[in-house]
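Asker: The residues making up each chain are set out below.
There are 2 protein chains.
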Amino acid sequence: MVERITGGITAPAGFEAAGVACGIKATGLDLALIVSTPPARAAGIFTTNLAVAAPVVVTREHLRRSHGTTSSIVINSGCANACTGDQGLALARAMATDTARTIGCSAEQVLVSSTGVIGVQLDGEKLRHGITHAAAALSRDGHEAAAEAIMTTDPWAKEAAVRATTSAGVFHIGGMAKGAGMIEPNMATMLGFLTTDADVGPDLLQRALAEAADDTFNAITVDGETSTNDMVLLLAGGRSGVRIDETGYPAFVDALHTVCRELALAVVTGGEGATKLITVTVTGARTTAEAKQTARAIANSPLVKTAVHGGDPNWGRLVAVAGRAGVAFDLTHARVRIGEVELFGDGQVFADREPAAAEHLKGAKVAIGVDVGVGGTGTATVWTCDLSAEYVHINADYRT
Amino acid sequence: MVERITGGITAPAGFEAAGVACGIKATGLDLALIVSTPPARAAGIFTTNLAVAAPVVVTREHLRRSHGTTSSIVINSGCANACTGDQGLALARAMATDTARTIGCSAEQVLVSSTGVIGVQLDGEKLRHGITHAAAALSRDGHEAAAEAIMTTDPWAKEAAVRATTSAGVFHIGGMAKGAGMIEPNMATMLGFLTTDADVGPDLLQRALAEAADDTFNAITVDGETSTNDMVLLLAGGRSGVRIDETGYPAFVDALHTVCRELALAVVTGGEGATKLITVTVTGARTTAEAKQTARAIANSPLVKTAVHGGDPNWGRLVAVAGRAGVAFDLTHARVRIGEVELFGDGQVFADREPAAAEHLKGAKVAIGVDVGVGGTGTATVWTCDLSAEYVHINADYRT
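Here the protein sequences line up with chains D and P, keeping their order.
The first sequence runs 1 to 400 under our numbering.
The second sequence runs 1 to 400 under our numbering.
Take the hints with a grain of salt, since some may be wrong.
As the list claims (entries may be wrong) - Here are the simulated lysine-lysine pairs, BS3-like style, with alpha carbons at most 30 Å apart:
| no. | chain 1 | residue 1 | chain 2 | residue 2 |
| --- | --- | --- | --- | --- |
| 1 | D | Lys-25 | P | Lys-362 |
| 2 | P | Lys-126 | P | Lys-25 |
| 3 | D | Lys-126 | D | Lys-25 |
| 4 | D | Lys-362 | P | Lys-25 |
Claimed, not checked - Listed next, the stretches of chain D that the computed footprint assigns to chain P, with coverage defined by at least 3 CB atoms under 8 Å from CB atoms of chain P:
| no. | region |
| --- | --- |
| 5 | 71-84 |
| 6 | 134-147 |
| 7 | 235-242 |
| 8 | 317-327 |
| 9 | 345-359 |
| 10 | 383-389 |
Just so you know, the hints here were simulated from the structure itself, not pulled from any lab data.
Each residue gets a CB set at the ideal place from its N, CA and C atoms; glycine is no exception.
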């Protein structure tokens, strides 16, 4: 049984967190610290962007050197520490060293993460003060401040947590995530941080994270952009005493999936300028991969996203995108539905049903279904948001 | 020597055109007719979208059956005749038959083209009246009305023409095109119609069109959307008496390229909501194809397009897109310039140069250069426009 609980990233036993303002952003919290006692096993998935940011380089390195043993994650917002060369790399390392010294562990047991503007150097002095300040503020109640401290253009903080009652025992999983633009996951997306008090070995932990992310974090898109800083980290501290082996694995993944899904959908719902959550489901494709390719093409289409924003059941655009998605498509057997309303099927247009579809589009949650008509069993779901003039305003003025 | 002249689609000898209102659109001209006397040789390139519209099916069929001999092109705007099943196919055929009867040729010597809303049936009666009306209005002065009649959300009509003085003799090429959204060419893009009074054999004509389109129509993008109706047609009537053989071919392609480029750039400049023409040049890639892939990714990036719209020299977004474009990229040797201003190179950020780059972004023509840093010889240029709130407004309300 998986129950939703409060407590975010510190819901599992053994984790404390804090969020403080250290002056990297002009206003608001901008530094988050998560500490595991004892050190946790850690797994991570990372951006596929080749312009990889310094904190991603350092975190991968530390995971390798520590053999996946992590005491702390330190995260700043307001500055991505990307495209910052050797100086940026040194600053990312200093972020880990300063944290290690403050909380008392080795530098390689600290993972670092950054989000914000690309190409600007971090202020090491501000970070150092922030880390000291955050370490003093660590508590089980710090999850909210931590979730707030990793926000950039996010309209709200994104937290989730569950209590899982399984045959292996009761454990908890908590998490927080950061959106809200430059979101099209590939290997991993955006920033996501997950904790659990289950006791999970390194291989199972990595496998569980990859599996849970695949149809959650890796099935969302806001604008088709994969960031230089994307990472999702999962720490397993073991304090529940519940050991997860192959038998308990499915229940663990199930609970993890619940948290990942909630966070991933929150990222989309809070996408830049978003007013609607759009669920795109593609069926009838030759393979799952082809279904996902079509679903992604639809989810990233500016013409589809603007039509949904305008409440227009313009199914023709859905057909047009499916036709150009680069995979098998048969117009004579394709079907399109908006909500439960089929608007096109077997070459027939059902124009009289458009008012019902328009009614569905008025809601905050929109479902789009496209069958590509080639009679295959491939299906996929991708979540996205609508494209509003507000997205343009946010991104035209992001640095000013 | 290639000189720009006026006269658009009827600048070459032997062509007449007309544009009339037949009531498919609520207001304005919506039917264009082009007639060649004598029948011309014809070449065409077509959308790669698998949800291909009825007029594309019929035009391909007629080109095949007539062995590329064409007397007329008839085009309507306001209705794409796409996703319209057997009835739509019959209406596209009727459009050709009605035109053939009116001007006196065989149906297969008529090519048909449509643009506008998807999934709505054409009104055959209105079309028939429009064709009669247009045939009566045919003249050498009809090019402007014809160019106007193929517009949908285009802010202005797009025409171009040249006089080419070559060693083979003097000939003319004219053209008109339709934008303004759902523009990302692949095999062909949008609607483009070209005429020439040169005498060109069928193989050379098709080769010339493909070659000229490759780095003009096929190197532009407004929103990454490939339409169901895209086609570019080229008619060669031969009335100049200038025979183009292999020797004269380069000069012919050169002249054709001039017209295609002018029309293609006009499509981008007149893109939905566009305020700036952006030239994206990618260098240093392993191959031309990889350079083009990166250039397209940049040109379609909503974050790049909104930054340009906002006048923000946010070079970090350019690096981020180049890094996720799916081809070889080396951050340590990559370079980014906006206008003539290098903002990033060899891992160095030149933040003090941003004001100069911001100054460049104030203009109506913006140049972006990205060297992907892998030391190859692959280069490519793609043209696009910025992304404004107006694009969202146009496409949220397109059918209302």
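Asker: For each hint, tell me whether it holds in the structure or not.
Answerer: Quick rundown of the hints versus the structure:
1. D:Lys-25 / P:Lys-362: Satisfied, since the Cα-Cα distance of roughly 27 Å is no more than 30 Å.
2. P:Lys-126 / P:Lys-25: Holds, at roughly 11 Å.
3. D:Lys-126 / D:Lys-25: Between Lys-126 (chain D) and Lys-25 (chain D) the Cα gap is close to 11 Å, so the pair holds against 30 Å.
4. D:Lys-362 / P:Lys-25: Answer holds: Lys-362 (chain D) to Lys-25 (chain P) is near 27 Å, not above 30 Å.
5. 71-84: It holds, with 4 qualifying residues against the three required.
6. 134-147: violated (count 0)
7. 235-242: violated (count 0)
8. 317-327: Contact hint for the region 317-327 of chain D vs chain P: holds, 7 residues under 8 Å.
9. 345-359: Holds: 4 residues of the region 345-359 of chain D have a Cβ under 8 Å from chain P.
10. 383-389: holds (count 3)
Checked against the numbered hints given earlier, this structure breaks hints 6, 7; the rest are met.
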